[in-house]
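Using the hints provided, position chain B relative to the given structure of chain G.
First to last, the sequence lines map onto chains G and B.
Just so you know, we're using my numbering here: the first sequence kicks off at 1 and counts up by one.
Just so you know, we're using my numbering here: the second sequence kicks off at 1001 and counts up by one.
Hints are computed from structural coordinates only; laboratory data are not their basis.
Not everything, but these chain B residues come out facing chain G in the computed CB check (under 10 Å): (1) Gly1122; (2) Tyr1151; (3) Val1156; (4) Val1159; (5) Phe1163; (6) Ile1167; (7) Gly1199.
Computed, partial: chain G to chain B, Cβ under 10 Å: (8) Ala408; (9) Val417; (10) Pro418; (11) Leu419; (12) Lys426; (13) Ser431; (14) Val443; (15) Gly445; (16) Leu447; (17) Ile457; (18) Arg458; (19) Val461; (20) Leu465; (21) Tyr499; (22) Asn504; (23) Ser507.
Simulated restraints on C-beta separations: (24) B:Gly1005 x G:Ser510: 31 to 39 Å; (25) G:Ile319 x B:Pro1269: 23 to 31 Å; (26) B:Tyr1086 x G:Ala490: 20 to 28 Å; (27) G:Ile319 x B:Leu1413: 46 to 54 Å; (28) B:Phe1223 x G:Leu16: 53 to 61 Å; (29) B:Ser1272 x G:Asp391: 22 to 30 Å; (30) B:Asn1222 x G:Asp391: 55 to 63 Å; (31) G:Leu309 x B:Phe1223: 37 to 45 Å; (32) G:Gly199 x B:Asn1222: 52 to 60 Å; (33) B:Asp1339 x G:Pro401: 36 to 44 Å; (34) G:Ile34 x B:Asn1034: 56 to 64 Å; (35) B:Ser1272 x G:Phe316: 19 to 27 Å; (36) G:Phe316 x B:Thr1459: 43 to 51 Å.
Glycine included, C-beta positions come from ideal geometry on N, C-alpha and C.
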Amino acid sequence: MFESPTIAEFLAESNLVSTLPGTLLLAWTLLLVIVDLFVDEERQHWTPILACLGLGISFVANIGVYSPAEGERVALYGMFIADAFTGFLNFVILVATLIAVLMSRDYLKRAGIHRGEYYVLALISSAGAMFMVGANDLIMVFVALELLSIPLYILAAFRSIKNDGSDLALKSEESGMKYFILGAFSSAFLVFGAALIYGATGTTNIPQIFDMVGGIVGGTSSATFYLLVGTALLIVGLGFKVAVVPFHMWTPDVYEGAPTPVTAFMSVTAKIGGFAALLRVLITGLSVLALADGDAVAWQATATIIAILTLVLGNFVAISQRNLKRMLAYSSIAHAGYIMVAVAAAGSANVIDAATQGALVYMLAYMFTNLGAFAVVMTIEREDGSGGNIDDISGLAQSRPLLAMAMAIFMLSLTGVPLTAGFVGKFMIFSAAVQAGLFGLAVIGVLTSVVSAFYYIRVVVNMYLRDGAGELHPPLDTHYVRWAINIALAGTLVFGIFYPLATNLVSMVSIA
Amino acid sequence: MDVTGLSLTTITLFLPLIGLAILAFMNGETQKSNLKWVAFVTSLVTFVASVVMWINFDPSSAELQMAQRNTWAEISLGESVINVSYFVGVDGISMLLVLLTTFIMPIAILGSFGSHIFEERGREKLYYIFLMLLEWSMIGVFVVHDLIIFYVFWEVTLVPMYFLIGIWGAEERIYAAVKFFLYTMAGSILMLIAILYVGNRSGTFSTYSAGGDVGVIEMVQNFDGEGTYWDALGPDGEGEDAGFLLDSVESFLFLGFLVAFAIKVPIFPFHSWLPDAHVQAPTAGSVILAGVLLKMGTYGIVRFNLNLFPEATVAWAPTIAFLGVVGIIYGAWVSYAQDNVKKLVAYSSVSHLGFVVLGIFALNSQGLQGATLQMVNHGISTGGLFLIVGMLYERWHTKEMADYGGIWKVMPLFGAISLVISLSSMGLPGLNGFIGEFTILLGSLGSDYLGFAFTLFGTLGVILAAVYLLKMFQHVFMGDLKKPLADEAGYTLTWYEKAAYIPIIIMVFWMGLQPIVFFNLLDVSVDKIVAMFVG
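Isolated chain G (complex conformation) (with noise of 0.2 Å):
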């Protein structure tokens, strides 16, 4: 007879322990829903303070899960993989969460939307990027990424909730309309390329898949037709979500109208479980998936065409924005084109462990400069959401001479300036990519990071040497801002000084 399993059965036979980061943050948001309906009026402050407690949780679970000696394991049946890649990942995503959590607090209070909830979304989203880097499955895949996709459409309209008819309420209203509704349609891509993939393969498991793909590839049938169909659509679906061209048209409108913090937070976390999930399914799926014997990966070139493009119009489109958020936006998808760099080389045989670690590092690079930006930007911003342009930073380093130098700072390492965290990503990647033979790529990338210097170095310009209009910034930031720019700036300059941290941290990595 069937019998049920006890408790102690499932866990071992789940290994539930594997996934602990991810499910003790969802366990303990689901707690602050109910806490927060009992935080009066007065102690409002007591929910970040508790959503970073959760992060720190999830942080030491993290660590306890994730020790190198560990290895791979596999987690519900299958469906879930814990390894150093989800360990890496999992660090960076919670880091990212904790800055957007410091800088969130200050800001909704000022824009007078400060509702509990707020963290709640924020952290199961994080929870939901969580998952998607440890998926194994393209179920686990689908639906993590609706975790971590869900919470920011509400988030991206947060500040339609006071809903005052202003011009940001409607632009976040807005924002968050266009996500929901391109996220929604890109989905749709994802499960059909799963669904072909399914078809072709039997399986959604991406081991497995792998396992199938070599005995496909090499005849005749039609599931070959299938599979390259839906590796297509696969590409599509989390292309829109990681904002490469050409599925990058919602990322300016969005980021712009969402609140900023929110604009931090899914420039990361987003773009972070999107790449994952990508790498994840092309590298320890697809990985053999050639139209012939002996030709090159089949998804190689269209990923050197994407990051191609992504490169050049990101970059060049953000060459005339006078917004420093919709800069930053246009920058963001220059940034996803490095790391499709990456995804380009591990295209190649033998540099799939330097792309994958190249990729990581760089994320691990463009979160902690990015967040940081953003925080900048975020407290140079008036109330009524102006003051964000080119020409309200004027002069910041005489009336705000830290911020102005962590700005120049974030600024130099989002170029690729060395001493800073990004010019290791970048080294990385470049370096991968001239490993694997993709001299094109690589040039292209370091000549469009020319390109991005140009509009990096003029927000120098205006901080350092023009003077202001006159009117000194009012100071916006509060403790918590400013802990959330000393941890983005500390992260910057620590990976970029002691270069080894990071390449060690990464060393481990493996998805081949």
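Only chain B this time, still in chain G's reference frame:
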């Protein structure tokens, strides 16, 4: 060779950072008058440290001396692991350029002691912090022997110079600063690709051998197979030719490095950033830019292009030497046409560094020794000329030559100093400039790779130098005094101005009269490089 202990080179390299740290903790307002002293003393201590290095330096050895190598990061690439290491040390060429750097730095700082620019722009603390950062990164460029760390130092020099021009420069400073940053970054970023390729194919980023690991330069020099080392490695490590852009991998890599260096030098036609940067930079910025920063380019060519890509060097030598000669003539010509005295000196750099390029690509020992010495000479004399221009500007607040005249009458000492430095710059025998240019021309005449015409047109440059420098001297110092100063006290040189010139004048005569001291330093190191090209 002890390769892991703390070496003198490391100590010299990091002294400026100690000064930077002290400055960072000082209060920019209450301790304003002490800031410059901290910077000055730091640069002086660094100079003493580099002199101690010189005393410890054994000129008869071709090995890297006072070397130190510690593994810094391990990067996995495919199946192999490449070490990035902190690898410093000096040979004769590095030693001379480190000495130049530490020599120019205190002079540049003295040159900003009385500057009026701080009354207008303030931020003195930041100014000296950037100078310290600049000194650290410039010494770094000359002493590191790991390609990645070299690139790091190379790029880091951009940041402080960018701010020095941008914050404390003249009216068009923002345009000049941005142009400087983007132009030089665009050049050097391609070098990164070349560096990554070299590292990936050779399996190491170290250029010299140390502690049992063979460096890239030794790999290239000891290669005895068919074709060149890089072609043999091929794009896939299987001996295939690259088949894109150029017909040889080596040429491609050679150009990747060369463009970065050519922009920095600057070799004609990559010079257009230089007049802007020079004219807009504050005095100390111009002195350092002309004195040291430009030499990073020529040093890079000698260290990397010649050593790593000997075949491509031979193939490209006439072309680049031709550009060098064009630079000599063009620079001199344009310099003569200037009415702005600072621009005149700036273009003279293009001309003088044309000589250096010509000397390098003569690819023999006279040419290379002369070129290295000329780097130092140019640093000293053009640095001195920029100091002169700076002091004129502090007093008369104009850079137009038409506004000056008759200054010798009211400032006899200043006039005499300026005359000596101008004469040194135009290559009068007995002064330092002559030695460098003469040796370079000798080298180009005896070169296996360059024809007689190179020497002929090069010599023309020496005459043209006399033309534009005498024009400057005549307009500024001779004739009648056009604009008397309101305050007669302005005619006397302050103690720090005199102090800045004394070492320059000493070096002008010392190097001119006893060049053997400096040639000795270079002999063996240069021979090691040209051994690949001669015979």
